[in-house]
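Visitor: Read off the chains here:
Number of protein chains: 6
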Amino acid sequence: MSEFNQPIDSSRFSRESQVATMMRNVLAGPEQYDELEIGLWGCPFDLGLGARNGVRMGPAAIREASRYIRKVNPTTAINPYKLANIADIGDPEMNMMIQSQALEDIERFVAEFTGKGIVPICAGGDHTIPLPILRGMKKGGYIDGGISVLHIDAHADTLDTLGDEKICNATPFRRAVEEGLIDPTKSIQIGLRGTRFAEDDIQGSYDLGYNVITMDEYEEMGRAGVIDRIKRAIGDNPCYITIDVDGLDPICCPGTGAPEPGGIMMRDMQMILRNIRQLDVIGGDVCEVMPHRDPTGMTQLNAANLIFEITCLAAENIARKKGRI
Amino acid sequence: MSEFNQPIDSSRFSRESQVATMMRNVLAGPEQYDELEIGLWGCPFDLGLGARNGVRMGPAAIREASRYIRKVNPTTAINPYKLANIADIGDPEMNMMIQSQALEDIERFVAEFTGKGIVPICAGGDHTIPLPILRGMKKGGYIDGGISVLHIDAHADTLDTLGDEKICNATPFRRAVEEGLIDPTKSIQIGLRGTRFAEDDIQGSYDLGYNVITMDEYEEMGRAGVIDRIKRAIGDNPCYITIDVDGLDPICCPGTGAPEPGGIMMRDMQMILRNIRQLDVIGGDVCEVMPHRDPTGMTQLNAANLIFEITCLAAENIARKKGRI
Amino acid sequence: MSEFNQPIDSSRFSRESQVATMMRNVLAGPEQYDELEIGLWGCPFDLGLGARNGVRMGPAAIREASRYIRKVNPTTAINPYKLANIADIGDPEMNMMIQSQALEDIERFVAEFTGKGIVPICAGGDHTIPLPILRGMKKGGYIDGGISVLHIDAHADTLDTLGDEKICNATPFRRAVEEGLIDPTKSIQIGLRGTRFAEDDIQGSYDLGYNVITMDEYEEMGRAGVIDRIKRAIGDNPCYITIDVDGLDPICCPGTGAPEPGGIMMRDMQMILRNIRQLDVIGGDVCEVMPHRDPTGMTQLNAANLIFEITCLAAENIARKKGRI
Amino acid sequence: MSEFNQPIDSSRFSRESQVATMMRNVLAGPEQYDELEIGLWGCPFDLGLGARNGVRMGPAAIREASRYIRKVNPTTAINPYKLANIADIGDPEMNMMIQSQALEDIERFVAEFTGKGIVPICAGGDHTIPLPILRGMKKGGYIDGGISVLHIDAHADTLDTLGDEKICNATPFRRAVEEGLIDPTKSIQIGLRGTRFAEDDIQGSYDLGYNVITMDEYEEMGRAGVIDRIKRAIGDNPCYITIDVDGLDPICCPGTGAPEPGGIMMRDMQMILRNIRQLDVIGGDVCEVMPHRDPTGMTQLNAANLIFEITCLAAENIARKKGRI
Amino acid sequence: MSEFNQPIDSSRFSRESQVATMMRNVLAGPEQYDELEIGLWGCPFDLGLGARNGVRMGPAAIREASRYIRKVNPTTAINPYKLANIADIGDPEMNMMIQSQALEDIERFVAEFTGKGIVPICAGGDHTIPLPILRGMKKGGYIDGGISVLHIDAHADTLDTLGDEKICNATPFRRAVEEGLIDPTKSIQIGLRGTRFAEDDIQGSYDLGYNVITMDEYEEMGRAGVIDRIKRAIGDNPCYITIDVDGLDPICCPGTGAPEPGGIMMRDMQMILRNIRQLDVIGGDVCEVMPHRDPTGMTQLNAANLIFEITCLAAENIARKKGRI
Amino acid sequence: MSEFNQPIDSSRFSRESQVATMMRNVLAGPEQYDELEIGLWGCPFDLGLGARNGVRMGPAAIREASRYIRKVNPTTAINPYKLANIADIGDPEMNMMIQSQALEDIERFVAEFTGKGIVPICAGGDHTIPLPILRGMKKGGYIDGGISVLHIDAHADTLDTLGDEKICNATPFRRAVEEGLIDPTKSIQIGLRGTRFAEDDIQGSYDLGYNVITMDEYEEMGRAGVIDRIKRAIGDNPCYITIDVDGLDPICCPGTGAPEPGGIMMRDMQMILRNIRQLDVIGGDVCEVMPHRDPTGMTQLNAANLIFEITCLAAENIARKKGRI
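Residue numbers (the numbering used here), protein chains in the order written: chain A, 106 to 430; chain B, 106 to 430; chain C, 106 to 430; chain D, 106 to 430; chain E, 106 to 430; chain F, 106 to 430.
These are calculated hints, taken from the structure and not from any lab test.
Fair warning: there could be bad hints in the mix.
As the list claims (entries may be wrong) - For lysine to aspartate or glutamate, the following DMTMM-like pairs were computed, each having C-alpha atoms within a straight-line distance of at most 25 Å:
no., chain 1, residue 1, chain 2, residue 2
1, E, K244, E, E217
2, E, K336, B, E325
3, A, K221, A, E284
4, B, K427, A, E304
5, F, K271, E, D269
6, F, K336, C, E325
7, D, K187, E, E198
8, C, K187, B, E198
9, D, K221, D, D288
10, C, K187, C, E136
11, E, K271, E, D305
For reference, chain A alone in the conformation it holds in the complex (with noise of 0.2 Å):
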């Protein structure tokens, strides 16, 4: 293991001290891209948002408020940084105002690193960012399209436009689809639940063939149900983890733009993820973070902890892939 898991140490260096990278690890540029495995990555992009905006302040917000996370997962017993290489790589040189070309710059960052191999976990950002991401990761070399995701949610995002635009928030889980990136099938959407445009609003998801548990269905499966759905709708097919924070009840995650009451508990998301170490996780983000919503700082603390998740599912399967456990 190199010096890249080597996060500053909580336990004797004040956590406000040193500038706020993703859980206290080292900023890592492209020079050091060769021996890193996990590279977590803010993408503060939001046009592709068509209501209450504020999304692009979410990675600088999930980044401070990870100083708080330690290095060891209390019901796993994961331990990331003695698994895989990780860093913070920063955030894209990205378009601030033109959607086309900020959605390019994320493609050809995330194609750099990825085809590398390392491990994309991201910090966004709205929701539409999963398709440049997902794009990226083909162009890259990293995947081949076709991949499972495990899609957090209170909406499906399968819309074919929202006021008239194709690429926005409400509709990447459909032009993944499209595209190829996705293979809806092995891939499953969990949280729906927020009042609807239209009757037929969610169809798109079926339509599709995305296996879905809305809301109601998840009160009544239980979370051992919906663990053992999630396995089996994914099985061994490569898994990228998509969280819209929304999928978290509003009083876990109040600080989101289009926050849905009645959702899933933060206690639940912790143990579904902590019980799905199976799958073969390749990347993942937490989206949809608006800080200014929330002044408790309790979302971003949420958001900072899925990371922290998602990298422990990461680190695990670098480990198991290359050998060390």
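Fit chains B, C, D, E and F to the supplied structure of chain A, relying on the hints for placement.
Guide: Just chains B, C, D, E and F now, with coordinates in the frame of chain A:
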């Protein structure tokens, strides 16, 4: 169906656009009452409050938050705009300082539109207002008295006086029984749990004949048990739903004057309302939203969602009665 | 005078009552345009912003804050409601994500009502909007082009592009000159002071021919000198007043995207506007209010007060032209 | 000097320690009135408010903020604790809902301790309270009526009624003249500037005979001119100082119900009070602090500092009268 | 029963009135210790904190929030004021900067009043303070050592040092065992769940002999199982209850320094405390409230409610021991 | 000029992107010290605070706010990046709880990089830190002692002890004189005005020989007079600029521990710094930013702007000394 059932389409026009009416509905005046079936209104009254105040800013905050409500209920698939004519009818012209005048102003306003058969659904306001609302409903000939109330609250609100005052937010459900507006034996109070002024604090509710489910009982009965009990208590009597948001857990509604830990979760509240579609719902209110105590905005968002739930119940009830479904 | 000049009387009815229209005025639709003389409207556009966002929540916040504005100007004694027909005319039906469409939507909306001779006074929105507003004014035949702007701002907004984007909140006062909408030699920019991207940052304003008063110059000239300079620069040319609230000191308007310390005090801003009553004021806007950055509400309150000041100027100008005074 | 003049020493004991009394003074009860010379008290009354409410939380917030006041005035070098016996005497036992009873409760409380010759310095409460305070001072024999008031405010508070209510925060300085408590010709109102309900809005003050300095006049006169005018108006008549914090600029006191841009700066307010040491200051209040509107806490901090300034004036006046200095 | 058991009656006098003492009780000094049986006090100590700070503002915030607690427990019907003499006894005179002195100041203060047999119930303060409290209890002869603690927390607080510091909020439950103050085998730690500094992080608790219920175990056991385990672990040993509010879920207590998602719900916490009435409760504290992190005020409200619950337990225990019930 | 003088271009890349370094500069480590000329750093120390705390979150908040600083000074036209090599060098590895160790850690860190001739510009931290900074500068051979300080503050910070503590934020400018680090006769303290612990409170500054401008004197002298006095006091002695943000008016910097009304306005502070370009500025700091007290973010924004002003002065001084200009 007329133009009323056409809230601004949030899938096309920015949620932040236009004046904030309830759930983005048309703002209608008395000249349109003849066509209207459900009147959404605000009652920024807080002259019945002896404690922390600020609920007079409630209706504006709920209207603002309601921009994010869409059209279709995710559990019941009810689209109220296809079932009834709905509009925002504004607020009463109400004295801002003299309680007795303000109560009359509310009563007159309610009598006027309920006299046309319009179902009243109100964003309060302190929890005194069910009294002038019920009075207005009777005055307008909308009810004869003796109706049922489905009352969600952390407190019984059946004291005789508070601080020597007979008309305040601690007494309406005693006054309304005394005036014959409510039949307590067909009404039910749910969620009672606050610390008590005295040993016999909520005894008034039992003495008056209310059905009561304290939080301790709620927990034992479970959600399904509570739903069943509601249906049995109310039966087919005309039912008015009144929700003091402090009935919900403060983690769902911190923005209220007298939050009491350990209450009803928003998910449960939604599911209770979605499972009593048989009731003859003739009106409702959501009270005690104190926006300045909740900078996350969750309280007003939840209140707006509850108004949507009541609207779904009322719209289906209208459609059923008018043979539309 | 018609019913329009009858905002709800705050000395009789609670300021917190009724739907939040601008300064509690009647909400009027196109069918009432013929009688109307001043149209207060909102433009929740922020697709021209490359930085911290959230100004799309500006108009709603300004309307809400404007409940506290009364009828008579304390310095000039102008009561605009006795001088002109005034109403809130809502917002454009505006695409929420595609900039080019939204710009057209604004332009069409403005053309429609200014085509009837109605003076436009707008609560923005990011500071791109003077461009589509001026375009709409020309399209509607309300202006011929070549008008004066009295422009208050910490930044010149005369760059050619920002982040490769030609239409954004850093460029409108270059675009509008290029399109012949503004005569820069009869226009004036006041309050410029932010740190600069480059040495020649605000040079564009000088090159285009604008009159410019930087904050350093402002301080030397004093308020009276500035007022005199404004009058000389603009003379009797039709004048549009555009205020980016970051022109004011951040202690007055912290709720904005790019606050720059050391700006114009609100008292000075008020007194400047109260001392240019001779100008031919034909419209105006107050932009860049970002409510979530100011939990004290002062920014939106000040913006509402500035809209009142512009309304006083416009109403007196109408009355003068129509020979009412 | 007794134990009273011993606030907790902030140079030794944590400012955050102990129950929050005013400026960390001893909490004294009626049994100690004989020894006391200045009584600091709170009046959490807001039943005279027709607009945005919440000032009943004012006294608690001011007491909390006052932990940071030390002992010596930096300009005048007055240490009030060396000049007079000072304590916090709590609040009146006050009805929380019925205005008429609450007014009597305040009057009785004030009569009791001013009857012992104790100078009343109060943290309000809405600006109705000078009326019951002056009534109490007369009832207790502390004044005969016809005193001077030095009144700082953005509004004149001399309307006859507001919303049909004769006793409210818009009328006390008319009522008190009618009742002979105040001699308006020896009193002065400073800082008036809010937009007005009607053209003749503040005319009442002139008609009643008050000396008035509007904000426009204030600016012309300058601070020194204002100080001079105060001294001439009041002379050696007993003087009560009443400060509505909205008299200050909202950038100093955003936390109030009806903030009006362009007011008196806190530095000027301090220096005015530090330059009228000759006046026969017999009491005072600081009203209309609405803490929930100011999360920075500056409003309550400034209110606490103003209470300190009034205390310095009163203490020196006592010492002068009793020949201690 | 004496005058002590008479908190201000919130059904008669405004909750916002009077200086904020704990639950509106009388403020008592040492001269009244002989009559007192329960002393509510504050300990604004945070010199044991290596992370985000601000808990020194905790006691003031809890006292302020406690205005809303009434007299009777809604589940157990305990009215502590009928069972024991209760007062707020203020805070220790405590050095504000030098840890060693402050610890001694706390110890001395506790020794003084517990030496009179008064039950200590404290609003903290960082979670170092159980150490000086237990020391003070022993010094005052109130305990002999070897007592039980019922310890609610997300962290074990049994490290040997943190940042080289032996006395801090990460170590008190090791130090107290070393000093013989606590019998770990009769004590229990509940709610442990935070990410860990190292693999053997909480091993210290097991090694010392504590009973431990991690959050994973808590979930498996259920609330009834946990209650049963508490009773078995503690038995009839004298029991001190210490609650770090981060033991609760951050959705209940966001205002704390090291919130960890997925904790104990407030309802469960209340019901646990209401179901251990048999225990010999001899004191308690509620620590780590950091009010500035929770603008909703829920954290301090919940802390105040927990102090009420502990007070009920202690009062009933006193009454039982003294044969009053 | 090297790569250091290349902060991320905010006219091209979103201000919200990348890890928050000071003014978006490169983050440099010790291996790059040889090329560096100005080191921007953070010092999240607050172990010298006896009052309201939280300034350890200051550096992170200032870095975050500094994203909005551009490259060129609008008054002086200085572009520091064309004059000197500038980078963010992070924070010291600093003990988080033990004051004596933390002071040594700071001293060692400063000695290391100033030993290379790098100008230190620091975002604090409480106002104790000038002491270890000056010690480090001497230890590193960067100064010999006897330097000038330009000290902006509401308090003199020249007490001998506070709460028995000799090293705290009330004493550094006494300690530093005692240690020969500062020549008080060539130093100046500006803005003093807080209420005082005792009559002789700030006498220490005079006794030590400091030049002092109280706020009362400041007002009489005017800005130009103050600038002149600064130049005369300091002359050509090496000058360290230390700004306690409470020296500014609380309306500019509410987010600090001990705000005192009536201070220096941010505009004046900027213009003072822009008019002392002749001084031999060898370093500086901006201290006492307590972000949680200012949800508007203005305090941290102003602190970031002041760091920019000091950077301009230092860069020009370097360029002058090295003959670049």
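Visitor: Identify every previously stated hint that the structure contradicts and give their numbers, smallest first.
Guide: Violated: none.
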